[in-house]
Structure formats: structure tokens, C-alpha cells
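Enquirer: Listed below are the residues making up each chain.
Protein chains: 2
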Amino acid sequence: MSEEFPGYRGQALRFLKKAGAEIGDVIRVTKDGEKWEGILIPRSEIGDEKHIIIKLKSGYNVGVRIESTTRIEKVGKGIKPAFTPPSLPKQKAGLPKVAIVSTGGTIASRVDYRTGGVRPALSASDLYSVVPELSEIAVVDTEILFSVYSENIASKHWIETAKTVTEHIKKGVAGIVVAHGTDTLGYTAAALSFALQNLPVPVIMVASQRSADRPSSDAATNLLGAVKAAAAAPFAEVVVAMHETVSDESIVFHRGSKVRKCHTSRRDTFKSINTSPLARMEDDKITMLIKSYGKRDPSRKLNLKPDFDDRVALLKFHPDLNPQIIDWYVEKGYRGIILEGTGLGHVGNYCFSAIQRAIEKDVVVAMTSQCIWGRLDMNVYDQGRDLLAMGVLSLEDMLPETALVKLMWVLGQTTNTEEAKRLLTENIANEISPRTLHEKVGY
Amino acid sequence: MSEEFPGYRGQALRFLKKAGAEIGDVIRVTKDGEKWEGILIPRSEIGDEKHIIIKLKSGYNVGVRIESTTRIEKVGKGIKPAFTPPSLPKQKAGLPKVAIVSTGGTIASRVDYRTGGVRPALSASDLYSVVPELSEIAVVDTEILFSVYSENIASKHWIETAKTVTEHIKKGVAGIVVAHGTDTLGYTAAALSFALQNLPVPVIMVASQRSADRPSSDAATNLLGAVKAAAAAPFAEVVVAMHETVSDESIVFHRGSKVRKCHTSRRDTFKSINTSPLARMEDDKITMLIKSYGKRDPSRKLNLKPDFDDRVALLKFHPDLNPQIIDWYVEKGYRGIILEGTGLGHVGNYCFSAIQRAIEKDVVVAMTSQCIWGRLDMNVYDQGRDLLAMGVLSLEDMLPETALVKLMWVLGQTTNTEEAKRLLTENIANEISPRTLHEKVGY
Numbered sequence: 005m006s007e008e009f010p011g012y013r014g015q016a017l018r019f020l021k022k023a024g025a026e027i028g029d030v031i032r033v034t035k036d037g038e039k040w041e042g043i044l045i046p047r048s049e050i051g052d053e054k055h056i057i058i059k060l061k062s063g064y065n066v067g068v069r070i071e072s073t074t075r076i077e078k079v080g081k082g083i084k085p086a087f088t089p090p091s092l093p094k095q096k097a098g099l100p101k102v103a104i105v106s107t108g109g110t111i112a113s114r115v116d117y118r119t120g121g122v123r124p125a126l127s128a129s130d131l132y133s134v135v136p137e138l139s140e141i142a143v144v145d146t147e148i149l150f151s152v153y154s155e156n157i158a159s160k161h162w163i164e165t166a167k168t169v170t171e172h173i174k175k176g177v178a179g180i181v182v183a184h185g186t187d188t189l190g191y192t193a194a195a196l197s198f199a200l201q202n203l204p205v206p207v208i209m210v211a212s213q214r215s216a217d218r219p220s221s222d223a224a225t226n227l228l229g230a231v232k233a234a235a236a237a238p239f240a241e242v243v244v245a246m247h248e249t250v251s252d253e254s255i256v257f258h259r260g261s262k263v264r265k266c267h268t269s270r271r272d273t274f275k276s277i278n279t280s281p282l283a284r285m286e287d288d289k290i291t292m293l294i295k296s297y298g299k300r301d302p303s304r305k306l307n308l309k310p311d312f313d314d315r316v317a318l319l320k321f322h323p324d325l326n327p328q329i330i331d332w333y334v335e336k337g338y339r340g341i342i343l344e345g346t347g348l349g350h351v352g353n354y355c356f357s358a359i360q361r362a363i364e365k366d367v368v369v370a371m372t373s374q375c376i377w378g379r380l381d382m383n384v385y386d387q388g389r390d391l392l393a394m395g396v397l398s399l400e401d402m403l404p405e406t407a408l409v410k411l412m413w414v415l416g417q418t419t420n421t422e423e424a425k426r427l428l429t430e431n432i433a434n435e436i437s438p439r440t441l442h443e444k445v446g447y
Numbered sequence: 005m006s007e008e009f010p011g012y013r014g015q016a017l018r019f020l021k022k023a024g025a026e027i028g029d030v031i032r033v034t035k036d037g038e039k040w041e042g043i044l045i046p047r048s049e050i051g052d053e054k055h056i057i058i059k060l061k062s063g064y065n066v067g068v069r070i071e072s073t074t075r076i077e078k079v080g081k082g083i084k085p086a087f088t089p090p091s092l093p094k095q096k097a098g099l100p101k102v103a104i105v106s107t108g109g110t111i112a113s114r115v116d117y118r119t120g121g122v123r124p125a126l127s128a129s130d131l132y133s134v135v136p137e138l139s140e141i142a143v144v145d146t147e148i149l150f151s152v153y154s155e156n157i158a159s160k161h162w163i164e165t166a167k168t169v170t171e172h173i174k175k176g177v178a179g180i181v182v183a184h185g186t187d188t189l190g191y192t193a194a195a196l197s198f199a200l201q202n203l204p205v206p207v208i209m210v211a212s213q214r215s216a217d218r219p220s221s222d223a224a225t226n227l228l229g230a231v232k233a234a235a236a237a238p239f240a241e242v243v244v245a246m247h248e249t250v251s252d253e254s255i256v257f258h259r260g261s262k263v264r265k266c267h268t269s270r271r272d273t274f275k276s277i278n279t280s281p282l283a284r285m286e287d288d289k290i291t292m293l294i295k296s297y298g299k300r301d302p303s304r305k306l307n308l309k310p311d312f313d314d315r316v317a318l319l320k321f322h323p324d325l326n327p328q329i330i331d332w333y334v335e336k337g338y339r340g341i342i343l344e345g346t347g348l349g350h351v352g353n354y355c356f357s358a359i360q361r362a363i364e365k366d367v368v369v370a371m372t373s374q375c376i377w378g379r380l381d382m383n384v385y386d387q388g389r390d391l392l393a394m395g396v397l398s399l400e401d402m403l404p405e406t407a408l409v410k411l412m413w414v415l416g417q418t419t420n421t422e423e424a425k426r427l428l429t430e431n432i433a434n435e436i437s438p439r440t441l442h443e444k445v446g447y
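Chains as they are written, first to last, in the working numbering: chain A, 5 to 447; chain B, 5 to 447.
There could be a bad hint or two in this list.
Copies of the same chain look alike in the list, so a pair counts if it works inside one copy or between any two.
Stated by the list, open to error - In silico EDC-like links for lysine to aspartate or glutamate, alpha-carbon gap of 20 Å or less:
hint	residue 1	residue 2
1	21	53
2	365	77
3	61	145
4	175	41
5	59	381
6	22	71
7	61	38
8	289	53
9	54	364
10	309	171
11	425	313
12	175	53
13	39	145
14	81	29
If you're looking for bench data, these hints aren't it; they were derived computationally from the structure.
Bound-form chain A, shown alone (with noise of 0.2 Å):
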């Protein structure tokens, strides 16, 4: 890879330098008598070999595979881009103060208008300069920890997510925001959730489907929603701050251990499952939607707990499941199994014998739903109970993701099968609703 080039190798960058080409030029390529023209962009990871990405005339960017008949010219010459950063806004006295930590997604970046290309925008003053209205709000402390697409997120960036975390509440702020992908977001959310125990201040999630170059873009308004929350929230919980419905109106507050993405595309893209939302502001005011939790005290003292244990595996049910998956995983050493089972939490008989060898070994075996909504009840039908009687947890009304974090993590806390089945049944970050609350469902 090049320091002029971007996420270019071999040869996608032997092609532009033999072009003469750089960042920014506009370029035509020719491919089997077709072509495209437009701005060369940088790629924001490491790409393969073959590819350049170009910023078409109509904005949209395309990804173009080169072949050895492929022709690159240069026809227009760039601008390049100017890193200096714009001078920051005069800050108010006695602002409380948020960090924001940002691990990438679509908030975190910033499409350069000169280049087209995406950059992480989380600077202090970059952020100032695409939202103004933060220095109202708040005195901001950023930190880029990574910048990764979500769906490359993995256990090794919650644990560094939930210790930058920490260490940012304890140097007193009064909350943080954390930047995430809307891919693994509800993954992330949960995990945080396990891993920062007794919050003094509010951990706040925030994510946009869109980014901010784009007029229809819910960047700005969950940013500015979520750094409100992080400075004046009466919770300190984990949650995850994002659009309510389509339109710009209110912001809602999802527990991390309750939260789905459940639309590819759309601004209201996650949703509480099985409870309500913890809270929604509108005009700025804050709603508790749920009367009873943890609440903001800057003198609790956190406990940070950031182990997982990545021999965890969900597995999805379906028919003709091959059961030797199971065995597979067994043999791999794994320590735990996530069974996303259907209805009241079943799986074909033609898995039972695998499930009763996995747990003679010591894995840790447990049921959820993929059905999302409702509450297991494993006891219904006798092969329900047959799965209980070998030993397989019912975790109740737990969404699958959430459980597959929480057993990640329960094996980060223990080496005995026993206890960890005593963590994962047991209500830690309220992923399990009480039997009580109201059941609304869906959208």
C-alpha cells in the first residue's frame, strides 16, 4: 500500500501509476467496451489487488475490477485535499464535558467533497465544523480508536472499547458517546453492556445509516442526541441512541442488551425487542420510558469487567441442519453454543444427540428464539423438555446476539461450566425482561 494511494495495492496501484493518475484526478477507465468516468477516491481499508473506486458524475461511487485489458487515463486534473484543520468555536464556560470515541461507521466519517473519499471525521474540530450546535452543549474530548467498518468488529475491540471507556470516565466526564457501524452495532452494545458494570455516567452508542454528505443524512441529529444524553441523561446505562422513526422528530434510547438492527436501510433501523425503549428525547427533553434504572451518580465507582472468550458460536436452526457442526465446534475447543432454535425454543430430534455429546464434554449449551419476539417456554412440548432434561438453558426472552456476547463474556468471568451457567441465566444487564412487562412487538 502507498501513502498516496490509500487502500491500493498491487495491481490496482501498478494501473494508476501507470496512468500518472493520483487521489483526486478524474480519471476514465475503459473495460470491455465499456467505461466510467469520474474522481478517484481513496479506499478506506485496505482493499484487494484488483480494484479502484470512483466517484461517478451522479455520486455515486463505483468499484471498478481491473483486468489486463483494462485502460486507466487521466483526464482532469484534482484538487488535493487540505488537511488544516478549521479553527475551533469559542467554548462556553462550565460546559459539561463528553468524550466521544469513535470505532468507525458511517457517523464517524466524512465524505471529502474534494476527493469524494471518506475520511474518519472525529476530530474535535471536525466534528465542531459539521455540527456546530455541539459548542452549546458541551466541552468534547475525541478520541478515532479505530476506524473499521462494524461488520470487522470482533471481541479484541470491545475489550479495547470498554477499557478506552473507562478511562475516559475516569477522568470525570460527565459522559461518553461512542461512534459504532449500524452492522455489529447491537453485538457492540451488548458486550459494553456486560463489561461496564455500575456506571456512574451514561455510556451512549451512536450510529447513522446515512452519512453526513447526504441531504437525508440522521448523522447530525442522532450525534447531537446523543451528546445531549451523554452530558445531562438522568440514566447511566448503555444505550444506543438513534432516529425513533422516519422522520427527525425524536431521538429514542434502546438498552444495549435489547436492541436489533432490523432494517437494512432505514433511519429507525433498531428497535428495543420485547421491552420499550429506556428512553426518547424530543425538543430536546428527556422521557424515561422505563420507571426503573441505573442512575446517573458521578461517585459509583465503575467496575469494569472486559474478558470474552471467543470460543462461543451462535448457531442458527434450520431445516436439515447438519447436527456434525456441533461435533465440529466440540472438537474446536469451543466452550460455549448459542442455539437459535425456532418457536418456544426447539431444534429437530436429529440434533439431539450431538447437543447431549457437547454437553458431556462441558459446553455450555443454551436456547433462543429466532422467531426475535416473545419468550421461550421450553416446557410446552416434550421436546422441549427433553433438550431441559440434557441439559440445555432456556434464556428466556434473550435475543439471540445478546446471548451469544453474554456467553462470550460469562466464559471471560469463569472456568467452571457451573458457574457460567449461573451467569448466563441470571439477569445482569437487564437482557431479560420480567414476565410482566408489557409484550409489544415489532415495529
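Add chain B to chain A, keeping to what the hints say.
Expert: Same frame as chain A, but now just chain B:
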């Protein structure tokens, strides 16, 4: 297993025989200082060797594990089940013929009040005795094809069901009702949607969330709605007939390729995803909700394509997913993998090389989204474009479960990989919604 003790074997059977207890008798079980008293009921499938099931006075069934120290006493003589069928009601002349094919599930069973046990209740006389209104609507021909919990239904059952439906259609019925458990009904509905092409009459799949002996049962309402639609609906497609809301006021008909179980216990558990239901029945009147549909036309010649290849996996991506699982499937001779990715169609980049290897070995790899709602767009981010460039197919707004079933079906139709890819991405049974369709989200 014993004829007199259906479902019992091994230690449980020995203990029952020793106590001189028979099915239907009142027994008392004492174990570790605890006591259970109730009617000994048959098991609907062959259970393990350890459990006996008794119906408590409260009406609940409980499974008790037999240990060496367990004591069973017979404390009352049961009334034996009498299987003399009630006489059939008089059939009205000139009513349409409807076939009801049962594969099992709650709707197809009936609690025997004398034994407390559940048994298949799908002789015509059974049905008429449970739902006497049926005799006003249709002349019903019934067939008990299987009697299995739907989590045990696999592709071999889909094949049998498709063939059986075809036989009934050849006999000239006005429509077919297929009774099925709710757990995997969505998968089977998709399977029949691909296997039964060019339908002359409707195939109405039906289920219930609560058995007919419970006061809040949805069994009678759903069955009546299904039979009415089979007899008289204007459409000739594979649909799922279930409650539209928690009230009994309307039944909706979901297209088999677009429907999913979304709640563990609610009566309106089935939802059409990324589309409207095909039709609604209210006050016996059927209203079409989608304008373009397959019309009833008894002269049309059904095209049965019942073959499925079970060497296809549905793999739900999650953080820290072990990419070796993909290599394992390839080694096992799998021909297709449906990825249930994140967001617009992504998986962690640590899975890329395993996906590449699978594609190089001629395995069909296709993407769907675990968001459930919304459509893929793998052109937005460069990692999505990288996957496309590798040869991963983007399945638009197809449900992951439908995609699995479809790929199993596609690979049952052709051994040619290119032809399989073409079929998989072609819209065959409305499994891909047109982009112009209003995307109503969730419940």
C-alpha cells in the same frame, strides 16, 4: 416401545409396568421428597428412556425424570380412550371438495379429554366434530401424511408433501389445506412455493399457536378461514393462513415465499416481510391486497418440481465467527451456502478468504441480511463490492430462510453451477419484491 404405552421405552416403561399403571390411570410419582399426581398420558413421539408425562389437575402436562429412587403408584383407574368416531354430519349437495393434508402440529392435534394426551385429529369426522361449520362450506377429504413436530420437518417431508398435494389436485379438488406446526411452517411454505408451479387451485397452509382444547385457541378460526379460501379464493398460490392480529376478526394469507414466524406465542406470529399479505378474509369476504397474483384456473396444468438438495447451509454471521466453518462445509461436499450477513449485505473481512475458497470449489455462495427487513445493497461499501467481485450473489430482499430453501430447490433442479446461480437470482415465486413496492416494516 409398547403399543399400550405409546412413546414410552426403557427405564420409564419398566417403572410404569412395575406399578401396574396404564395410560389414562391416575398415578402418583414420588422423588426426592417431591410428589406429582395426575393422569398418565401417552407421548406423541418416542421419548427418551427416562421421562414420563402426567397431566396435573391444573391441566398442565409435566415431564418427570425417573431415577432409581423414584416411586410410582397407581392411585386411580383411568377411563380408557374410546376411539369410536362420531357419526358424520349430513353433507350438503353441490359443495366444493377440499382436501386437508396433515403433517402434524398443534392444529392437527386434539387433546383427548379422557387421557389428557394429544392425538392426531384429522379424520373428517374428528374435524367436523371440532369445527361443525366445515360441513356447510366444503366436502372435506382428509389425509394424515405425517404426525411430527414441525421442528423435525426436513426436505424429505417437503418432497412428500408436494407430491401428496399434487395427487389431490389431480383428483380435481377446489383447493388444498396443509396443516403444519408453526415452528418451521415458513420454510415448508417456501419449499412448496418453489415445488408447486403453475398451480390451478390454492394451496393453503394453516397452523395454530394454541391447541383446540384451550379457550384462546386460534385453531378453529384459522382452519375455517383456510378451508373457505381453499374452496373459493380467487388466487391459486401457496399461502399461509393465520390471524392478522390478536383478535379473531380477520385471517390473512401470506405468500409462502415471504412469510416468517416472528413471535414465539402470539396468534399473529406470521408476518409478510417486505411486502403486504396477498389477501385478507373478514366476515367471510376475501379482499386481495396485492393486485398481481396467480389466478384460480382449474384448467391450468400443475408443474411439480419436488426435488431438493440438502447439501446447503444457512450460516448466520456474527462477530468472531470462525471462517473455518465455511471450509468444513466445502469439505463435506456442500454445494451451497446462504450467508445471513449484516446490514446491506456484509460479513467480517476475516471470512473473505474462506468464501473465496468455497467459490473456487464451485460452491454457490449468496448473501441475505439478518436485519430481516429491507433490501441488500452491496455496492454502497467497498467490502460489499469486494464480496460481489469474488462471486457472492446478492439476493435483494429475499428472506434468509427462503433463500436457504430456494438454493436447496435450485440445486435439486440442476447440477450446473452457472445455471444454479441464474435460477437463484431469478424471481420464481415472488420471493423478490419489486423495488417499487412500498416497504411496510414489521408488525
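Enquirer: Each of the hints needs a verdict: does it hold here or not?
Expert: Evaluation of the provided hints:
1. 21 to 53: within (14 Å within a copy, 73 Å between copies)
2. 365 to 77: neither (62 Å within a copy, 36 Å between copies)
3. 61 to 145: Neither way: residue 61 and residue 145 sit 36 Å apart in one copy and 64 Å across, limit 20 Å.
4. 175 to 41: Neither: 50 Å inside a chain and 62 Å across chains, both beyond 20 Å.
5. 59 to 381: Close across copies (17 Å), not inside one copy (52 Å); limit 20 Å.
6. 22 to 71: within (14 Å within a copy, 79 Å between copies)
7. 61 to 38: within (16 Å within a copy, 77 Å between copies)
8. 289 to 53: neither (50 Å within a copy, 61 Å between copies)
9. 54 to 364: Answer is between; shortest inter-copy Cα gap is 17 Å, intra-copy 48 Å.
10. 309 to 171: within (13 Å within a copy, 62 Å between copies)
11. 425 to 313: within (15 Å within a copy, 38 Å between copies)
12. 175 to 53: neither (43 Å within a copy, 61 Å between copies)
13. 39 to 145: Intra 45 Å, inter 63 Å, cutoff 20 Å: neither.
14. 81 to 29: Within one copy only: 5 Å inside a chain, 91 Å across chains, cut-off 20 Å.
Figure legend: structure checked against the earlier numbered hints; hints not met, in rising order: 2, 3, 4, 8, 12, 13.
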